[in-house]
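Required output: the full structure, derived from the provided sequences and hints.
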Amino acid sequence: MNKTPILRRIWYKIRRGKRNGHMRPLQPEQVVQMVRMVAATRPDEIGCDECFEQLDRFVELHLAGKNAAEALPLVQDHLARCGDCREEFEALLAALQAELEGV
Amino acid sequence: MSERTNSEWLEALRSPQADMAIADLRVRLLRGLRYALAGRGITEADLEDFAQEALLKVLAELDSFRGEARFITWAQKVAVRVALTELRRRHWREVSLQDLMTERDDSDFTPAVLTENAADPGQAAMRTLMLEKVQRLIADELTDKQRLAMMAVMQGGMPLQEVAERMGTNRNALYKLLHDARRRLQKRMLREGLTPDDLLAIFEAT
Numbered sequence: 001m002n003k004t005p006i007l008r009r010i011w012y013k014i015r016r017g018k019r020n021g022h023m024r025p026l027q028p029e030q031v032v033q034m035v036r037m038v039a040a041t042r043p044d045e046i047g048c049d050e051c052f053e054q055l056d057r058f059v060e061l062h063l064a065g066k067n068a069a070e071a072l073p074l075v076q077d078h079l080a081r082c083g084d085c086r087e088e089f090e091a092l093l094a095a096l097q098a099e100l101e102g103v
Numbered sequence: 104m105s106e107r108t109n110s111e112w113l114e115a116l117r118s119p120q121a122d123m124a125i126a127d128l129r130v131r132l133l134r135g136l137r138y139a140l141a142g143r144g145i146t147e148a149d150l151e152d153f154a155q156e157a158l159l160k161v162l163a164e165l166d167s168f169r170g171e172a173r174f175i176t177w178a179q180k181v182a183v184r185v186a187l188t189e190l191r192r193r194h195w196r197e198v199s200l201q202d203l204m205t206e207r208d209d210s211d212f213t214p215a216v217l218t219e220n221a222a223d224p225g226q227a228a229m230r231t232l233m234l235e236k237v238q239r240l241i242a243d244e245l246t247d248k249q250r251l252a253m254m255a256v257m258q259g260g261m262p263l264q265e266v267a268e269r270m271g272t273n274r275n276a277l278y279k280l281l282h283d284a285r286r287r288l289q290k291r292m293l294r295e296g297l298t299p300d301d302l303l304a305i306f307e308a309t
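Sequences listed follow chains A and R, in order.
In terms of the numbering used here, the first sequence opens at residue 1 and continues consecutively.
In terms of the numbering used here, the second sequence opens at residue 104 and continues consecutively.
Errors might be hidden in some of the hints.
[Stated by the list, open to error] Computed footprint of chain A on chain R, listed as stretches where at least three residues anywhere in the stretch have a Cβ under 8 Å from a Cβ of chain A:
id, stretch
1, 130-141
2, 165-174
3, 177-188
4, 234-242
5, 261-269
6, 285-297
[Claimed, not checked] Distance ranges between label pairs, derived from CB positions:
id, chain 1, residue 1, chain 2, residue 2, range
7, A, G65, R, R239, 43 to 51 Å
8, A, L63, R, D166, 22 to 30 Å
9, R, D223, A, A64, 51 to 59 Å
In short, the hints are calculated from the structure, not lab data.
All C-beta atoms, glycine included, are put in the ideal place defined by N, C-alpha and C.
Quick look at the structure:
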């Protein structure tokens, strides 16, 4: 049976959509995780570059026993969200702490 | 060792006789990295390599030091990033985004997870309904690229840096892409009269 071109196109689209892995809906627990991330989203988040830019100041405030989170709240916020930046902050802290203690 | 001030460091490192300052800086970076990476099983040869690479980067980027912290703090920050970037690259070298997704597809996850702890059938039905609704919003609002990025970041614990590299972008741009995706979903949910907090209350109530 002949399908009209438009129908054929739609049919093709549906079949292709089914085959493509990325077209599948997310798993329920991924949806919940995503909603959690959306719930915590704020408009003024900074990116990794801006965080890195201020990280040295942030870590010095922290080491001086000052409230770094209050002084640089967006850095604190980014560190809470971004594992890469948090790992770098912790490593930097360890490096500087060792230096301060003269070990 | 008497500590140089920021301007003394910069002056010494930029002078034609910078050898001594460079050697001092190298020692400091090496020592810093030793503590920064303690417990990760890094070899001495690797530490030396990281310190050397970091030293070159610090010297190349002297002009970008803005003097908002101690010079040595800034230099250690650069060194830590050099070393961790390389370590992440090595650790994830063999893993593709596809591997990350497939691993997840093979798990014997059943959708019952969300409904089995529901207090009553009505609650379970509500959850299923909302789940489908959010899935539809995600499909409508996000580009394939945004969905791929969100899934990759959520599932395998792959660092942003590594996901970014596999998507042909960089870490900062990927963070911005994800932020934009989260913002779009947030706005759409509000337009639909759903707050993320209400949804979580529905999904997480026991």
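Structure-based check of each hint:
{"no.": "1", "hint": "130-141", "verdict": "holds (count 9)"}
{"no.": "2", "hint": "165-174", "verdict": "holds (count 3)"}
{"no.": "3", "hint": "177-188", "verdict": "holds (count 8)"}
{"no.": "4", "hint": "234-242", "verdict": "holds (count 5)"}
{"no.": "5", "hint": "261-269", "verdict": "holds (count 3)"}
{"no.": "6", "hint": "285-297", "verdict": "holds (count 5)"}
{"no.": "7", "hint": "G65/A <-> R239/R: 43 to 51 Å", "verdict": "holds (50 Å)"}
{"no.": "8", "hint": "L63/A <-> D166/R: 22 to 30 Å", "verdict": "holds (26 Å)"}
{"no.": "9", "hint": "D223/R <-> A64/A: 51 to 59 Å", "verdict": "holds (54 Å)"}
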